[in-house]
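A.B. asks: Protein sequences, first through last, are from chains A and B.
Per our numbering: the first sequence = residues 1 to 371.
Per our numbering: the second sequence = residues 1 to 371.
Check before you lean on any hint, since a few could be wrong.
To be verified - Not everything, but these chain A residues come out facing chain B in the computed CB check (under 8 Å): (1) V30; (2) R41; (3) H132; (4) K136; (5) V139; (6) Y143; (7) D155; (8) K198; (9) T294.
Source of the hints: derived by calculation from the structure; they are not laboratory data.
Treat the numbers as computed from the prediction; the structure is a model and nothing was measured.
The beta carbon of each residue, even a glycine, is placed where N, CA and C say it ideally should be.
2 protein chains.
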Amino acid sequence: MRTLICSLTLMLPLFAQAPPAPPRLVSPEVLPDNRVTFRFRAPNAQKVTVNRESAKPLEMQKDEQGVWSVTTDALEPDMYGYTFNVDGVGTIDPVNPLMKPNLLGATSMVHIHGPATIPWEVNDVPRGSVHHHFFKSTVANDYRDMYVYTPAGYDPKSKSAYPVLYLLHGFSDDASGWTAVGQAHVIFDNLIAQGKMKPMVVVMPLGYGTMEVLKSLRDAAVRTKSFDGFRDSLLQEVMPQVEKTYHVSKDRTQRAIAGLSMGGAESLRVGLNYLDKFAWIGAFSSGGVPANFTETFPNLDSKANDKLKLLWIACGKDDGLFEANKKFDAELSDRNVKHQWIVTPGAHTWLVWRRNLAEFAPLLFNNSPKT
Amino acid sequence: MRTLICSLTLMLPLFAQAPPAPPRLVSPEVLPDNRVTFRFRAPNAQKVTVNRESAKPLEMQKDEQGVWSVTTDALEPDMYGYTFNVDGVGTIDPVNPLMKPNLLGATSMVHIHGPATIPWEVNDVPRGSVHHHFFKSTVANDYRDMYVYTPAGYDPKSKSAYPVLYLLHGFSDDASGWTAVGQAHVIFDNLIAQGKMKPMVVVMPLGYGTMEVLKSLRDAAVRTKSFDGFRDSLLQEVMPQVEKTYHVSKDRTQRAIAGLSMGGAESLRVGLNYLDKFAWIGAFSSGGVPANFTETFPNLDSKANDKLKLLWIACGKDDGLFEANKKFDAELSDRNVKHQWIVTPGAHTWLVWRRNLAEFAPLLFNNSPKT
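Model the full assembly from the supplied sequences, consistent with the hints where possible.
C.D. replies: This is the structure we're talking about:
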């Protein structure tokens, strides 16, 4: 990687007559057959591996220029996070601008393009927009942000208000997670263009009731403060702002809440305890489903079935949280709370959550979903 | 840095009873006196330095845990880019989520907070929003994006349309540069709240007429193709979209164009050749000011003074592009084109451009600016 100093001096020869620079590394290079070559310059390193999402670390070989490289087998079209591990120390791929923002450590990402039918491939369809809003949170006592997707042709004067989905990221993501990594806006654009999903407004707030939880996740009191603060900020700060700014329905049957991992747990905690506000709930690979069901959902029983339009619980078979989610499925069944329990391939990764979203979003705000 | 694998397994103990992890590194740590401690874990490295924007590389020392660290002198409040150099290889700070996105290599960033009067400090003032739009560019033959800032209280039905500034990033930035690194939206929020700047819409498009230029900057034909393509995309694609979507004036006296480095040159090339469309022009540390003035601006002479409300050319004294900008100032003077030539401290860095923006934006759309 060029250092900062180098990247600044790069500007100077920009339009002057400078001697040619050494050839720039290309990494990752996606080959026509979907094998991928990763490259990393580290002349003094002893061992370098590439660690890819949902794959074992792959050892790289050094050439005489000090460039380490390895070529994978052909990969399924998808977007894979990865890092290099250099003598035991992880790092991003310095020449690859495609990154996964993350509050506990960014990683690089390689996109292996596939057919236009893949929901997260950009197609020549009408495109929605993503709006970035900033506000002072009294609940969390900080300045924070949220993102709002509006579909193509969004009309603030349309006859009927838009349904609205509150879509929550996971632990260590920031509020941009669902768009920057999840490609949620691209998925929505495609599904709406195909007539598979109702045009809706999608709100992606910051999922922490307190930012302390990023440093003190193992502290139960901090976790509770974060869950409670998130709920209060959502209900008292985010939703009123959204309903003031956007032409969205305030009818509970036109409101959904869903999320991944920590955001899945938040969707359950808020959604199932506020059925007067939400009728559609999705939880993908939930992390933090409660150990004590009755304590978290004191009023939840079969009476909820009249209010719930959809309760959709998904988890990948290889996810470390699978058993906890399966237990939650059983507890819902024990209490005769109608729901869908979706078991998919995959682990605790965005490969699963992009697919979850593409499967879940079309179910929303349809009058007769299977529940 | 935790590897990707680790960051995924991090999720698992999230809500389970896992053994405590080793203490997480804190880097950068801003001390109360504005000294900064940088830390980087690399047990096997021989030499590690921290390379900070506008500063000499600083050697770090390794402790018995393999953690390298160094503490700077007290620094002026600002936002500084930096990287680590590990045995000759640059890398970001893996535990710091604050980053400068860049198409040729992201870097880390440390924010040393200062008094509320610093224009890029977030204050408790009404906040504008940043809208992310996506479109297919026929000119560039790709899918691309742009960002649009709307001020707090933006009213699409207001009596008079908003003035509009087209604000252009530099070479290697992406369309998010002015917000993610330049904090332009924060600067505008503050200046508008203080009554120092007119509320306006600010459009931040992608500044490449062809993405090829990122790989082939030294190819004059590609550079020309990029400049021309940028101009065509701006005039034919970006401006019509903006004028359709936002309540902005189409009056040339209510339109400005400005940019940094490559974007400065673009502002001059488009602005000065299209005075029928723009009356306010700003160029910060321009990279690519033309070697041949007459060829680039065939019609530019003192007749332009009737149309130009402001031509504002700034450059830092320590910028490698200072002489080229100074020459351009002289050429404008030779042709009796009225302009302001602003010499500031500083080099080719965002430390200069944030200040440029805070100085330039208040001049816009005032009836009697000094020109």
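A.B. asks: Please verify that hint: Y143 (chain A), Cβ, nearest Cβ of chain B, below 8 Å or not.
C.D. replies: 5 Å, holds
A.B. asks: Should the interface hint for K136 (chain A) be scored as holding, given a Cβ-Cβ cut-off of 8 Å against chain B?
C.D. replies: Holds, about 6 Å.
A.B. asks: Have a go at the V30 (chain A) hint: is there a Cβ in chain B nearer than 8 Å to its own Cβ?
C.D. replies: Violated: closest Cβ of chain B sits about 16 Å from V30 (chain A), beyond 8 Å.
A.B. asks: Does the closest beta carbon of chain B sit nearer than 8 Å to the beta carbon of K198 (chain A)?
C.D. replies: 20 Å, violated
A.B. asks: Any CB of chain B closer than 8 Å to the CB of R41 (chain A)?
C.D. replies: Cβ of R41 (chain A) sits 6 Å from chain B, so the hint holds.
A.B. asks: Does H132 (chain A) pass the interface check with chain B, least Cβ-Cβ distance below 8 Å?
C.D. replies: Because about 4 Å separates H132 (chain A) from the closest Cβ in chain B, which is inside the 8 Å limit, the hint holds.
A.B. asks: Given a cut of 8 Å on the nearest C-beta pair, is the interface hint for D155 (chain A) held or broken against chain B?
C.D. replies: Violated: closest Cβ of chain B sits about 12 Å from D155 (chain A), beyond 8 Å.
A.B. asks: For the hint on V139 (chain A), does the least C-beta distance to chain B fall short of 8 Å?
C.D. replies: Violated, about 15 Å.
A.B. asks: Against chain B, is T294 (chain A) within 8 Å by beta-carbon distance?
C.D. replies: Violated - the Cβ of T294 (chain A) stays beyond 8 Å from chain B, reaching only about 17 Å at its closest.
Hint check: violations occur at hints 1, 5, 7, 8 and 9; the rest are consistent with the structure.
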